[in-house]
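Work from the hints to combine the two standalone chains into their complex.
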Amino acid sequence: MPNLLEVRDLSKQFTSAGGPFRKARSMHAVKGVSFDLPQGRVIGVVGESGCGKSTLARLILRLIEPSGGAVNFDGDNLLAKSPSQMRKLRARMQMVFQDPYSAIDPRYTLTRAVSEPFEVQNVTPEKPMAEEVADLLEMVGLNPGLAASYPHQISGGQKQRVGIARALALRPSLLVLDEPTASLDVSVQAQIIGLLEDLRTDLGLTYLFISHDLSLVKYFCDEILVMYLGRVVEALPDTAAPARHPYTRTLMESTFEPDPKKRRLIAPLEGEVPSPFDLPPGCAFADRCPNASALCRTETPVLSAETGHAVACHHPI
Amino acid sequence: MLNVRDLGVAFGAVQPLSGVSFAVGKGETLGIVGESGSGKSLTAMSVMGLLPLSGGRITGGTVEFDGQDLTKLPERAYRKLRGGRIGLITQNPMTSLDPLQKIGPQVDDVAKLHLGLSDKAARDRTEEILGTLRIPEPALICERYPHQMSGGMKQRIVIAMALAADPDVLIADEPTTALDVTVQAQIIRLLDDLVKERDLALVLITHDMSVVAQTCDKVVVMYAGRAVEHGPVEAIFDRPRHPYTQALIACIPRGLDEATRLTGIEGTVPTVVNYPSGCPFHPRCPRAEAICTTARPDFSVEGDSAAACHFAEVADAQPA
Ligand SMILES: Nc1ncnc2c1ncn2[C@@H]1O[C@H](COP(=O)(O)OP(=O)(O)OP(=O)(O)O)[C@@H](O)[C@H]1O
Ligand SMILES: Nc1ncnc2c1ncn2[C@@H]1O[C@H](COP(=O)(O)OP(=O)(O)O)[C@@H](O)[C@H]1O
Ligand code: SF4
Ligand code: SF4
Ligand SMILES: [Mg+2]
Ligand SMILES: [Mg+2]
Numbered sequence: 001m002p003n004l005l006e007v008r009d010l011s012k013q014f015t016s017a018g019g020p021f022r023k024a025r026s027m028h029a030v031k032g033v034s035f036d037l038p039q040g041r042v043i044g045v046v047g048e049s050g051c052g053k054s055t056l057a058r059l060i061l062r063l064i065e066p067s068g069g070a071v072n073f074d075g076d077n078l079l080a081k082s083p084s085q086m087r088k089l090r091a092r093m094q095m096v097f098q099d100p101y102s103a104i105d106p107r108y109t110l111t112r113a114v115s116e117p118f119e120v121q122n123v124t125p126e127k128p129m130a131e132e133v134a135d136l137l138e139m140v141g142l143n144p145g146l147a148a149s150y151p152h153q154i155s156g157g158q159k160q161r162v163g164i165a166r167a168l169a170l171r172p173s174l175l176v177l178d179e180p181t182a183s184l185d186v187s188v189q190a191q192i193i194g195l196l197e198d199l200r201t202d203l204g205l206t207y208l209f210i211s212h213d214l215s216l217v218k219y220f221c222d223e224i225l226v227m228y229l230g231r232v233v234e235a236l237p238d239t240a241a242p243a244r245h246p247y248t249r250t251l252m253e254s255t256f257e258p259d260p261k262k263r264r265l266i267a268p269l270e271g272e273v274p275s276p277f278d279l280p281p282g283c284a285f286a287d288r289c290p291n292a293s294a295l296c297r298t299e300t301p302v303l304s305a306e307t308g309h310a311v312a313c314h315h316p317i
Numbered sequence: 001m002l003n004v005r006d007l008g009v010a011f012g013a014v015q016p017l018s019g020v021s022f023a024v025g026k027g028e029t030l031g032i033v034g035e036s037g038s039g040k041s042l043t044a045m046s047v048m049g050l051l052p053l054s055g056g057r058i059t060g061g062t063v064e065f066d067g068q069d070l071t072k073l074p075e076r077a078y079r080k081l082r083g084g085r086i087g088l089i090t091q092n093p094m095t096s097l098d099p100l101q102k103i104g105p106q107v108d109d110v111a112k113l114h115l116g117l118s119d120k121a122a123r124d125r126t127e128e129i130l131g132t133l134r135i136p137e138p139a140l141i142c143e144r145y146p147h148q149m150s151g152g153m154k155q156r157i158v159i160a161m162a163l164a165a166d167p168d169v170l171i172a173d174e175p176t177t178a179l180d181v182t183v184q185a186q187i188i189r190l191l192d193d194l195v196k197e198r199d200l201a202l203v204l205i206t207h208d209m210s211v212v213a214q215t216c217d218k219v220v221v222m223y224a225g226r227a228v229e230h231g232p233v234e235a236i237f238d239r240p241r242h243p244y245t246q247a248l249i250a251c252i253p254r255g256l257d258e259a260t261r262l263t264g265i266e267g268t269v270p271t272v273v274n275y276p277s278g279c280p281f282h283p284r285c286p287r288a289e290a291i292c293t294t295a296r297p298d299f300s301v302e303g304d305s306a307a308a309c310h311f312a313e314v315a316d317a318q319p320a
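Chains A and B, in that order, are what the protein sequence lines are. Counting in the working numbering, the first sequence runs from 1 upward without gaps. Counting in the working numbering, the second sequence runs from 1 upward without gaps.
Think of the hints as simulated: they come from the structure by calculation, not from any bench. Some hints here could point you the wrong way.
Straight-line C-alpha distance at most 16 Å; calculated EDC-like pairs for lysine to aspartate or glutamate [as the list claims (entries may be wrong)]: (1) K261(A) with E234(B); (2) K261(A) with D217(B); (3) K26(B) with E64(B); (4) K88(A) with E119(A); (5) K262(A) with D217(B); (6) K262(A) with E234(B); (7) K262(A) with D238(B); (8) K261(A) with D238(B).
If we strip away everything but chain B, and leave its shape as in the complex, we get (with noise of 0.2 Å):
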């Protein structure tokens, strides 16, 4: 459905975001993680068109939906796309809602505007669409207005609105980060039963990697701006080969398992304005070599994954 391939992006000087692929399909869900910084956001802005608001640009690559390059899409034609066929939900759901509208009216427009659905219709769409996103009476929640709800139901409008123009694409950016863990856990559950009951194709961007173990079929793991290891997600983890992804799993708890010790990875997230040159992660390595400080590695395949590491081959044999 939407197949990214080598993605620039820049404001005036500054290239924030470069050599960005990925591809996902109807029913799957792939999962864009990294920590702040690295470019997550970006990547699904400049998916969404949304670029130029910021003043930022695609200086480079390809974003093809459904066959058409969407770089070369005028703004006219992208805005029809854009919460329509290719849906956005982002980390705070009042960015989408209208805090001074109540509920129903505003996941109506959806349906009016890109379906064009009439009055009656696009409101039985939208109690309908409640309704699967398991809202308690719908009919009733159309009538309130934002500020009287939680912020796991106001992330569930979100979606609402999000699924009331029947997209084939959806971009979710953060989408349960502001939200407690129980909240969190039944959105994932919401998603993960859309994109099968709906064959929506599902970009999952967070920077909670136990997030992405859950929920993702293919996994993009992001560094200061750049893809640096994707594919299947049972990959990615069992078998990780970029030294980055594997210092990043050896980050996070894993509960009980106490015989792994949490060790971090010295040094900071770095920022656009000191993005490190060759490969980006060389300051932060363990295992940086001369080469890594002046070469960006290409991409090592290995069947469905790739890493972009100057030791990839050999970093299998590496413990994480």
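Okay, chain A solo, but in the shape it has when bound (with noise of 0.2 Å):
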């Protein structure tokens, strides 16, 4: 399959103002990120909080600018686009967010959070309005006689199938997922993401898939990049290959089963989790890492992959 969507060298770096008693102190949030995401997979994106899943996700729809590195979408450069240009791509590529309290306007219907898409993107649905609408809310399992109501009368679920609607509207061949389950009880979570299952094969989705949830992500995706401080530390190129990289086995062990019969040993982990604004010199996790070397506090490791699994240690598992 061709790649839908090429990153490259990805980066994004905040700053935060400096005041009379402090200097201004600036941080990467996203750090040479680079992977390619071929039409109809999903590739999922695991890290613990802050390590810049959600930035990365903003970059690559370009709801912000980065500071250096390269998004093709469908072969067309996005950084290169003007805001115009940029609205157009904009309906092929879609973010479905994790708070499905903010995604939606509270003052809107339901019939006019669905249809806003199209007023945005001034298209006229093939069918008259209503029936368009209709017809959403039933391919995202919502019954079409609640499309007069208001997001307080419904629940979270039901919200977050609202904003599932919304970025299918304009039928775009990737989704953005940040986080859509997170809020979520498990028991309409484990409904979300059935239906997401069925989109991906009803309308041949592609998913770029983030969650803190190991699991989740093993269950959902067919690749899965794990992040740790802002950087790509290992790319699994499927859910069965085994940890290389030591931040991802810490990860997985850390993963609990729902099986009484499985538990985990939990190793002691020494060391904090450094200041994204104070890195150290070298890998990030040598702090916390087993097999952290000399090398390691010096040389920052650099992902490589031999046999498309890459990872960024200088001693892997």
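Now the structure itself:
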């Protein structure tokens, strides 16, 4: 399959303004991220809070400007596009947000929420709008009878379905899903995941799926990128691949199974996560890594692949 | 150590909690698991005698601790117990920490108040406990303020405060929910060790079935303000008999076990204003029959487990 998305050396630096008593400080929320997302595949991005997952998502859709790197979407270099060209392209690449409450305007009916993308893009749907909205609601498993409801009249899971319906309105090929189930109860999370699986098959969608939940990512995705402090430290080519990066292994050992017969022996983890404003030289995981050597504390390991399984570590497992 | 029987809670005319029973002994971890709004925190608040603060009251049942019924305990006596022989850890460590005071004195105060230790003895005890919790350089940490620490470190300090009073029972209400998984694993490991080393009775409240599977000896599954199933952890996961427990387990991704497709449970979790009649799970239950909409099911006991379902006896035969 051809690549729908190609991300090259993407970086984003944030600078906090200085004040009378503090220096201006800067940090890389995303640093040198590269990967290919082939048409029809699902890549998962996993990592702990603050590691740069949402920033990466926003960079890819160019909702924020990168400090460096490139994003190619279906052969188009996004960073070379004018705002109006970008707006057109965005119809084909959509985002679903973590918080279904913030994604839809509380003053809009579901009809208005779901038809808004057509207005923004100045697109006239093939069918009458009411029919189009009903179809979209049905597609995400909502009763079209809810069309006149307001967000406060529906549940969190239903709001997330509305968010997905909106994202699907203009028939995108890529969905970037930023923790779409993180604020939902597990019984509702499982419904939404089932819906996303069905939509993927029915509409031939390509997903970038962001989550802090490794079990969920393993369940849902074909490939997995593991992020730590802004960098991709490992790219697992499939969900059965064993961890080669010590951080990925820690992550796996910290993820419990819903089975008392598979209890984990939790190894003690020394050291704290360094401040992103003040990263030590070398590997950012060195303070917590059982394999760390002198080399690790001076030279930053780069992501390199043998046999398609890339890892950024001087002493991979 | 702690024996809760048929607990009910009301706020005015609404009754968000009824018929909750469980028991936990020394060196034992009991999990209370349920989705949001199932009544987990209210259960914790009831045991801690904190309901009056939010305008709630216990409408029935008993909370027996070390032979006495706490529901009849006057507030003065409760105050000695709370944070003393019964400790509480909540999801947000800042509800227990004073942002303006250094860590050392905050932990010292607990031992001074509950064990009557001197300043010096209390500080020695604080440093010793911080050490047990694998906090590096306890003496240094004592001089820090809460805002100078990570979330996981703050949660450890809260655990230290609970331990400083040498409690018999520790109630931990989603102690790791706000934390990253690697930090969660460390806190779970710590709690496990404490239960074993100090013979603590731990009540671990969580919405995460995987945490329960990892660490609990016994489980209570809650739904819509009621306990719907309880029993030893192996039995609950191997042979859940309540349709809600079965469905809940089927909602959890099992990493590599891709043969099982996640299905979810139709509908949504009810809140106190729309708790269903009869069996609270009936609007979402694939096995519901007419009787379920009107008659509340009794517990059907099997071995050490019990499930509140009209069809628990035949539920075994059903695939989860
Ligand atoms: N002060 C209150 N007044 C009225 N109802 C309340 C009050 N506190 C809680 N409730 C209701 O009691 C039910 C159980 O609440 P509780 O906070 O114990 O749930 P929970 O399982 O802890 O949920 P979560 O996981 O979201 O924290 C809910 O329906 C809630 O709305
Ligand atoms: N607008 C911003 N200004 C300054 N720092 C930011 C901004 N947005 C994000 N960050 C920082 O970038 C890092 C990564 O953030 P984010 O991508 O939101 O993490 P995640 O989604 O993985 O939790 C965090 O340390 C965050 O504080
Ligand atoms: S580069 Fe060194 S410190 Fe970093 S993860 Fe690999 S072995 Fe550990
Ligand atoms: S009593 Fe009826 S509705 Fe309730 S769990 Fe059993 S079968 Fe389902
Ligand atoms: Mg995020
Ligand atoms: Mg709670």
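So, going through the hints one by one against the coordinates:
1. K261(A) with E234(B): holds, 8 Å
2. K261(A) with D217(B): holds, 12 Å
3. K26(B) with E64(B): With Cα atoms ~14 Å apart, K26(B) and E64(B) stay inside 16 Å; holds.
4. K88(A) with E119(A): holds, 12 Å
5. K262(A) with D217(B): Roughly 14 Å between the alpha carbons, so the hint for K262(A) and D217(B) holds.
6. K262(A) with E234(B): holds, 11 Å
7. K262(A) with D238(B): Holds: K262(A) and D238(B) sit about 12 Å apart, inside 16 Å.
8. K261(A) with D238(B): Satisfied, since the Cα-Cα distance of roughly 9 Å is no more than 16 Å.
The earlier numbered hints are all upheld by this structure, with none contradicted.
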